[in-house]
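Engineer: Sequence:
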Amino acid sequence: MLQVVELGPGSIPSEVIELEVSRARELRLLSGVFSRVRDLQRVRLCHVGRLVVRRHAFLDLAAKHHILEVLDCGSAVLETQAFHGVRGPLSALVSRCGHVVLQGGAFSWVLGLTLKDVPRLELSQHAFSFEPPGIMRHGPATTVLLQNVILAEMPPSTFPSSAAEVRLVDVEVRSVRRDAFCAMTLFSVVVVNSSLHVLEEGAFSERTFVESLELDGLRVRELRSGAVLAAINNLTVHHSRISDVMGGAVNITVASARLTDNIFDNIRTGGVTLKNWNRVRIDDNTFRSLEHDPFIIPFQRLSGVQSYELSFSANEILDFGPGALRFTAELSSSSVPALSVRLLNNRFSKPCRCDLVSWVREVVVGERGSSDELYNSSFCAVDALLARCFKVPEGQISMRNFTELVCGSEEAIVCEERSRKDPVFMDGSLGDSFESELDKEKKVLGLIFATVVCCILVILLVTTALWLRREGYLARARMMLLPLMSRLCREGGLVTATSVTRLSMREYAELQQDQQLRTETTACEDRWTQTLPEELTQELLQSLREKLDDPEKYSEARDMIEHLYDLIKVEESCHNNNTPSTSRVDPGEERDENLYDVILPVLGPRKATCSVGTRAPSPDKLLPVASYAEQRRRVPTLMTEYLEPRDHEHHVYTELTTVRTPSRPLSFLRQLGQIVGHSEKPPICEYAEPTDATVHVYSELPGTNKMANRPLPTKPEEGPEDCDTPSYKH
8 MLQVVELGPG SIPSEVIELE VSRARELRLL SGVFSRVRDL QRVRLCHVGR LVVRRHAFLD
68 LAAKHHILEV LDCGSAVLET QAFHGVRGPL SALVSRCGHV VLQGGAFSWV LGLTLKDVPR
128 LELSQHAFSF EPPGIMRHGP ATTVLLQNVI LAEMPPSTFP SSAAEVRLVD VEVRSVRRDA
188 FCAMTLFSVV VVNSSLHVLE EGAFSERTFV ESLELDGLRV RELRSGAVLA AINNLTVHHS
248 RISDVMGGAV NITVASARLT DNIFDNIRTG GVTLKNWNRV RIDDNTFRSL EHDPFIIPFQ
308 RLSGVQSYEL SFSANEILDF GPGALRFTAE LSSSSVPALS VRLLNNRFSK PCRCDLVSWV
368 REVVVGERGS SDELYNSSFC AVDALLARCF KVPEGQISMR NFTELVCGSE EAIVCEERSR
428 KDPVFMDGSL GDSFESELDK EKKVLGLIFA TVVCCILVIL LVTTALWLRR EGYLARARMM
488 LLPLMSRLCR EGGLVTATSV TRLSMREYAE LQQDQQLRTE TTACEDRWTQ TLPEELTQEL
548 LQSLREKLDD PEKYSEARDM IEHLYDLIKV EESCHNNNTP STSRVDPGEE RDENLYDVIL
608 PVLGPRKATC SVGTRAPSPD KLLPVASYAE QRRRVPTLMT EYLEPRDHEH HVYTELTTVR
668 TPSRPLSFLR QLGQIVGHSE KPPICEYAEP TDATVHVYSE LPGTNKMANR PLPTKPEEGP
728 EDCDTPSYKH
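If you read the sequence shown in the numbering used here, its first letter stands for residue 8, the second for the next number, and so on.
If you are wondering where the hints come from, they were derived from the structure by calculation, not from laboratory data.
Here the structure is a predicted model, which is why all the values come from computation and not from measurement.
Hints are supplied without guarantee of correctness; some may be wrong.
As the list claims (entries may be wrong) - Simulated restraints, written as ranges between beta carbons of each label pair:
{"hint": "1", "residue 1": "Thr470", "residue 2": "Asn155", "range": "43 to 49 Å"}
{"hint": "2", "residue 1": "Pro305", "residue 2": "Lys398", "range": "44 to 50 Å"}
{"hint": "3", "residue 1": "Glu213", "residue 2": "Leu325", "range": "31 to 37 Å"}
{"hint": "4", "residue 1": "Gly95", "residue 2": "Ile157", "range": "31 to 37 Å"}
As the list claims (entries may be wrong) - In silico EDC-like links for lysine to aspartate or glutamate, alpha-carbon gap of 20 Å or less:
{"hint": "5", "residue 1": "Lys123", "residue 2": "Glu172"}
{"hint": "6", "residue 1": "Lys282", "residue 2": "Glu213"}
{"hint": "7", "residue 1": "Lys71", "residue 2": "Glu33"}
{"hint": "8", "residue 1": "Lys71", "residue 2": "Glu22"}
{"hint": "9", "residue 1": "Lys357", "residue 2": "Glu401"}
{"hint": "10", "residue 1": "Lys282", "residue 2": "Asp300"}
{"hint": "11", "residue 1": "Lys71", "residue 2": "Glu138"}
{"hint": "12", "residue 1": "Lys282", "residue 2": "Glu221"}
{"hint": "13", "residue 1": "Lys398", "residue 2": "Glu411"}
{"hint": "14", "residue 1": "Lys282", "residue 2": "Glu218"}
{"hint": "15", "residue 1": "Lys123", "residue 2": "Asp79"}
{"hint": "16", "residue 1": "Lys560", "residue 2": "Glu546"}
{"hint": "17", "residue 1": "Lys357", "residue 2": "Asp272"}
{"hint": "18", "residue 1": "Lys357", "residue 2": "Glu411"}
{"hint": "19", "residue 1": "Lys357", "residue 2": "Asp326"}
{"hint": "20", "residue 1": "Lys282", "residue 2": "Glu316"}
C-beta: ideal position from N, C-alpha, C; glycine also.
All chains, full assembly: derive it from the sequences and hints.
Structural biologist: What follows is the structure, given as structure tokens:
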């Protein structure tokens, strides 16, 4: 969008016929900008933030017809005499602008002017003053349309020039000042679906002649005294609502007046005065309050007029004072054959009583005159008392009919009570059946309601669970509760951590202090008395060496070593009162579950044991099954040595960086043989690194404060003599 655009004299070439300027933050048309463009016919200004048309900007234009369009602007200001010396008529359109300021005498010769969709319109005095006046061969030709605009006020002399039509559609004007309509001649003034809050005195000047004034859907809050004084040929007010009509508010000379389908909240004395009329119709209106003599409609013969007509029919009068309809009596009593007065179907809020004749004569009319005609054609209200006494519906009834049928020759209404008849009793069985049916329906409805509520709750729960799962809240809750559940459900002193160095020393110490082991008093076999015979160990090692050297039997030797390791682990686990993690006969269990347990001290008394002697497995038991050997193939377990900590309270383990166990499987087997054949004293502490490097689970031997080595044990000692039979249960 351009910043600021100024167009001055010489900015526009003289050959230009049409000009369009758009997308400017501010546009200024200076004086004389179009003085040399004499053939200019159309100017279009759109999407401008602020538009300013200076004095004499359109000067001495010679085209036969000019068009000005101002569209979608933030604000527009047309200064006085912005159009001056224009020889042809102008058609101007200002639409969809937020704020428009129209100064007095901005246009010279206007054929049509439209201001549309302007939420804030400011008019100065003589805003619609045209020079020279747009008077054609058959009278004024200028039309002014204000549609969907809001004005704070309509200042004096807003319409000082004659116009063919002034139309206000969907307009809101808070105040119409004195002499706002002061033109000599306004052929047509139309106000549709608009709101004029206050019409001040002289809003329609007495110097103005209006050929036709039509008010359709008009809302007026206050019509002050002398607001409408102009001479009007045809006055039409319909589908409108006028709240307060002050005395003398409408005092006009009118040829034809028509007031239909309106609501008048209050008309004060002398509020409407119609003079020199020949046709007046006041039909289908609602008068909420009428003071005495609200309508002054005197009859006067006019030269050249052959007939006169007055109609006051189908009106509803709620509240009224004495002489509210005096004009009807005066006109009805006149003996003018050319005058036709029609009084039909008027409805009063007066309750029907037998004194309606005198009430109409004294209160409504005030004179005996023509009260009979109004009485014969009007309606009174039937209240609840009359409806109950005479079995007639509440509403309206003709005054004459009511008097003839109800009152008769008496002046007062006698409402006799109905004689009491025998009471009617309802059958009890019928009531019981009705109650039972009602109870059944209640139960069915309650069941349906409960079912619907349960279904809605289930749907909400399922939807909420799916949403929580999709958003990841369930996983987060599970991760938050996992540490708590792991503390509540400890299993055999197992501690899980990402690494040894990440264990909290304080938490580990508390864990060791709080750990309580439940011991049983049942006796078990002393597995430490079991030994392996020397010939079996040598035979086994010799067989393993031969198979390891043979590439074809390498896998078989490896499975035998693993199985032997499991057997030894079973023996040690029985001594430690732990269940072995793997077994030859149960391949479904996880083999690496309890390879390394947390080292725990002995907190309770030792279990009673009995020596079982030497239960060495035979070599044929060590041979693996072919099918099972294929399923048990895995990567050899790595070993890592750890030094026993000096601080027994916190149990911080230090990994020996100088001693590393080779990761090759053959080295492990050779080391196994060396340990069995030559090791005299076990190392201080050795641990095997688990296959899962991310979780380190270590098992502490409770038999001694020192660490026990994890590889194959040395040559077992001879057991007690009372246990002769070896055991093969593992």
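Engineer: If a hint holds in the structure, say so; if it does not, say that too.
Structural biologist: So, going through the hints one by one against the coordinates:
Distance hint check for Thr470 and Asn155: the Cβ-Cβ separation is about 47 Å, which falls inside the suggested range of 43 to 49 Å. The supplied range of 44 to 50 Å is met by Pro305 and Lys398, whose beta-carbon atoms lie about 47 Å from each other. The hinted window of 31 to 37 Å between Glu213 and Leu325 holds, with their beta carbons roughly 33 Å apart. A hinted range of 31 to 37 Å for the beta carbons of Gly95 and Ile157 is consistent with their spacing of about 32 Å.
Restraint check for Lys123 and Glu172: satisfied, since their Cα atoms lie roughly 16 Å apart, inside the 20 Å limit. For the given pair, Lys282 sits about 14 Å from Glu213 by alpha-carbon distance, which is consistent with the 20 Å threshold. Simply put, Lys71 and Glu33 have alpha-carbon atoms about 30 Å apart, too far for the 20 Å limit, and the pair is violated. Among the hinted pairs, Lys71 with Glu22 is consistent with the structure: their alpha-carbon atoms are about 16 Å apart, no more than 20 Å.
This hinted pair checks out: Lys357 and Glu401 have alpha carbons roughly 13 Å apart, not beyond 20 Å. Distance restraint check for Lys282 and Asp300: the Cα-Cα separation of roughly 15 Å lies within the 20 Å cut-off, and the hinted pair is therefore satisfied. Our distance criterion of 20 Å between C-alpha atoms is met by Lys71 and Glu138, whose separation comes to about 16 Å. Under the criterion of a C-alpha separation no larger than 20 Å, the hint pairing Lys282 with Glu221 is consistent with the structure, at around 18 Å.
As the CA atoms of Lys398 and Glu411 are separated by approximately 16 Å, the hinted pair is consistent with the 20 Å bound. Proximity of Lys282 to Glu218 is assessed by CA-CA distance (about 16 Å); at most 20 Å being required, the pair is judged to hold. Restraint check: the Cα-Cα separation between Lys123 and Asp79 comes to about 11 Å, which is no more than 20 Å; the hinted pair holds. Pair hint Lys560 plus Glu546 holds up; C-alpha atoms about 17 Å apart against a cutoff of 20 Å.
Using a Cα cut-off of 20 Å, the hinted pair Lys357 and Asp272 holds, with the two alpha carbons roughly 18 Å apart. Simply put, Lys357 and Glu411 have alpha-carbon atoms about 17 Å apart, close enough for the 20 Å limit, and the pair holds. Of the supplied pair hints, the one linking Lys357 and Asp326 holds, its CA atoms being roughly 9 Å apart against a limit of 20 Å. Annotation: proposed proximity of Lys282 to Glu316 holds, straight-line Cα distance about 13 Å (limit 20 Å).
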